[in-house]
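Enquirer: Protein chains in written order, with our numbering: chain A, 86 to 276; chain B, 20 to 137; chain C, 398 to 955.
Simulated from the structure, these hints should not be mistaken for lab results.
Among the hints, a few may not be true.
[Stated by the list, open to error] Using C-beta positions, here's what the derived DEER-type ranges look like:
no., chain 1, residue 1, chain 2, residue 2, range
1, A, Ile193, C, Gly459, 34 to 42 Å
2, A, Ile193, C, Tyr413, 42 to 50 Å
3, C, Gly849, A, Leu226, 46 to 54 Å
4, B, Ala127, C, Arg853, 29 to 37 Å
Beta carbons: idealized from backbone N, C-alpha and C, even for Gly.
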Amino acid sequence: MSSKPIATSRSAAGLPTARLVTWWVIASEIFIFGGLLASYVMHRLGHPEWAAQAAHTHTWAGALNTFVLLTSSLFAVLAHKAADSGDGARAARFLRLTALGGTTFLCIKAFEWTHEIEAGFVLSSGGFWSFYYTAAGLHGLHVLAGVIIMLFFAADAARNEELQRVECIGIYWHFVDIIWIFLFPLLYIAR
Amino acid sequence: MSSPTHAHHPAYVKIWAVLVVLLMVSVLGPLTGIRWLMLLLAFGIAVVKAYLVAKNFMHVNIEQRWIAYLLIVSLALIVVLFAGVAPDVMKHRGLHWENRAAQQAVEAGAHAAGPAHE
Amino acid sequence: MSAEAHHAEPGFFRKYLFSTDHKMIAMQYLFTGMIMAVIGGYLAYVFRMQLAYPSQQVPGYGVVSPNEYNSLVTMHGTIMIFWVAMPVLLAAFGNFLIPLMIGCDDMAFPRINRLSYQVFFLSAVVLLASFLVQGGAFGGAWTSYPPLSAKGAYNLTPVGASMWLVAVALEFVAFLLGGINFVVTTMNGRAPGMKMYDIPIVVWMIVLATIMFMFSVGPLIAGAVMLLFDQLLGTGFYDPGRGGDPLLWQHLFWFFGHPEVYVVLLPALGIVAEVVAVFARKKLFGYKTILHTAWAVWVLSFVVWAHHQFVAGIDPRMANVFSITTLLISIPLAEMVFVYIATLYGGSIRLATPMLWALAFMAEFLIGGVTGIFLGASGTDIYFHDTYFVVAHFHYTFVPIAIIAVFAGLTYWYPKMFGRMLNETLGKIHFWGSIITFNVIFIPLFITGTAGDQRRIYSYAQFAEQARPALQHLRVVSTLALLVFIAFQLIFVFNFLWSLRHGQRAEANPWMANTLEWTVPSPPPHGNFADMPTVYRGPYEYATPGRREDFWPQNVPN
Ligand SMILES: [Cu+2]
Chain A
86 MSSKPIATSR SAAGLPTARL VTWWVIASEI FIFGGLLASY VMHRLGHPEW
136 AAQAAHTHTW AGALNTFVLL TSSLFAVLAH KAADSGDGAR AARFLRLTAL
186 GGTTFLCIKA FEWTHEIEAG FVLSSGGFWS FYYTAAGLHG LHVLAGVIIM
236 LFFAADAARN EELQRVECIG IYWHFVDIIW IFLFPLLYIA R
Chain B
20 MSSPTHAHHP AYVKIWAVLV VLLMVSVLGP LTGIRWLMLL LAFGIAVVKA
70 YLVAKNFMHV NIEQRWIAYL LIVSLALIVV LFAGVAPDVM KHRGLHWENR
120 AAQQAVEAGA HAAGPAHE
Chain C
398 MSAEAHHAEP GFFRKYLFST DHKMIAMQYL FTGMIMAVIG GYLAYVFRMQ
448 LAYPSQQVPG YGVVSPNEYN SLVTMHGTIM IFWVAMPVLL AAFGNFLIPL
498 MIGCDDMAFP RINRLSYQVF FLSAVVLLAS FLVQGGAFGG AWTSYPPLSA
548 KGAYNLTPVG ASMWLVAVAL EFVAFLLGGI NFVVTTMNGR APGMKMYDIP
598 IVVWMIVLAT IMFMFSVGPL IAGAVMLLFD QLLGTGFYDP GRGGDPLLWQ
648 HLFWFFGHPE VYVVLLPALG IVAEVVAVFA RKKLFGYKTI LHTAWAVWVL
698 SFVVWAHHQF VAGIDPRMAN VFSITTLLIS IPLAEMVFVY IATLYGGSIR
748 LATPMLWALA FMAEFLIGGV TGIFLGASGT DIYFHDTYFV VAHFHYTFVP
798 IAIIAVFAGL TYWYPKMFGR MLNETLGKIH FWGSIITFNV IFIPLFITGT
848 AGDQRRIYSY AQFAEQARPA LQHLRVVSTL ALLVFIAFQL IFVFNFLWSL
898 RHGQRAEANP WMANTLEWTV PSPPPHGNFA DMPTVYRGPY EYATPGRRED
948 FWPQNVPN
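Isolated chain A, as found in the complex (with noise of 0.2 Å):
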């Protein structure tokens, strides 16, 4: 099965396959995390005492993690761009960037986290803190994936090859940046 099958060739639809994917993927991910984050808004507003427990989280680490991942989205888009001019090396480059973006955003997640659970903050300690950490938690897988298959495609783009990938995987990218947008108020802000 080394060529591709026709199928993926075709554009009946009038765009690229691989992008046509990559926006039903981001549609039914639209759900996942809507389903949650519906849930949790609807408690946060059944619930004014949670504001209590709100009231720890570290908005400032919040706030760098924002910053970081829209940087990354920034190398994601124009690792884009260098895919479009068909120069496969530089597309690299800017992937690695943005993977490494990814991977700050977890480091920085991963020290807040442990400064919470020392605190004494942890998944069962009452309604905020666990959607804190499931909502967060599914956002970092998100972002974990997203490093792992970024790191693949550009190994890819490096030897100029599937540059169509290089645009799909950052519509990803600004996708979790996206969703990390809103769970920025939504967790660190409101109280």
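Start from chain A and add chains B and C with the ligand according to the hints.
Expert: Same frame as chain A, now just chains B and C with the ligand:
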């Protein structure tokens, strides 16, 4: 069909700079001490940031139009979910019913300052 | 799988277990689904025997304990919906038909397709393994409501409950992987010339169902993680004493659970459309009407979910809203059945086995639909809720979907799948035996339900009102009919296996149908089409005036 994003790359660094400035404004929101202003800043800015990222980085603006509709329908269905569930979960009393456990939790929380430890 | 003589070939594993060919993956889903159907049927046999002859030895099982009874009914429901209806209707037919009917060589992402089956297989293994763990398989009902499902002390199957959740979550992941493939392949992989309204209805229906699945299952995946944390990590997402809310699970479950009915119904309706057009030798009446109706069903099915919760403590004002939307959704569905009947009108109908199944689908589903009205209206539902009336109604919708329509599809596409014809006589004996006994199983349950039989009851002996002989006789009749029903399925299994080797050889187009899968040899070779086809017209041009032949394949220029 050729990829429509090919010729269209806006000034990404500028957009990134705008995003970072917006982030700083939303972080400074709590310092005002005005709750509604803080929430408005936090969530208003989140929406603006998401819009900027989706439009310029994900290129929804030059993607096929139905992709935007797909995303909007997805978000709309989440709103439907919220609208159908929230009357039971968010509210603690309604027509011929009340959720005493939730009311007690709110009351107990209001008295005890600090995190609910087990 | 059939004991073909390929053992010696080095490619055995590549061919049967690690194939990326969409037809082989379809067969893997089909056979896994059929094996799971046997298991689900066995569970039904055991608990129906317990209901008919309480606390007696069940041949082939032993005495059923109350806890085992809970596990049996829970696993019967879970298996039949998630491991039979979904893999057969969506995955097996979808995988087999989509590339063939839209005229391409495979799915857009064959290796993701293979991964989809592997994850599905793993999910089945986890589910079946839960029968063997301490406490047995999950016994908290297939809807898994907390707090019953959240605490081992309540459901008495602590390990089984978590394994059930993991298995269901894995199964969802498998169908997300496969489903995205379906949608993308149909959107991008169509043969040149196949426009939106040239796509066969069954492909449309499978794709619409897939999108519906992808959109409804997301919140439940999040909800399942939350429930798993409640079970294992001590969170209180669904614990009212700790700020959570058990109603949230019900909402998340039914936000998926109701669309799920349509996720399997739409492919069934699609199969029936194909069969009806071919065997009535008439152009499908109102192609676009069917399609737009399906879209209406698609939209409405996202706003009816809480009709399952009328007695669960939701706000009565919301119950009114959901009553209205539920009654609304019966309009497009009724319309669709009318359109099919209109296709029959004036056709030259051939009553071959697939057509019999398709007609039976319409008749039996109609009963399911009509009895649903009593449950969709919140007033009557308060009486009928959680009685055997619901059980009977449900089976009058799901058996037509997951059994009758599947048999219509299997008997129709069997020649294409295996290159042989099924035996018609055996097919008709199987058909009549199944249809008659199916009704005898479930009509008594409408009566016992109306008489107040609550479901999920181990034995009615303790309830004086329900232990009356008149009601017990109905339960016995239902159980005996089930035994006969199961016996008739053996005829199908025999016909299926015997015809694999001894059936009459099938030519490329034995039914004289128009869609693209009938233009290739039976069974289709790897890569499907020797020359990739071009499409010139819609799929239902039968009995076109002025043409010598009464059919007009999609790929024939004129
Ligand atoms: Cu329903």
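Enquirer: Are the hints correct? Go through all of them and say.
Expert: Hint-by-hint comparison with the structure:
1. A:Ile193 with C:Gly459: 34 to 42 Å: violated (58 Å)
2. A:Ile193 with C:Tyr413: 42 to 50 Å: holds (48 Å)
3. C:Gly849 with A:Leu226: 46 to 54 Å: holds (48 Å)
4. B:Ala127 with C:Arg853: 29 to 37 Å: holds (35 Å)
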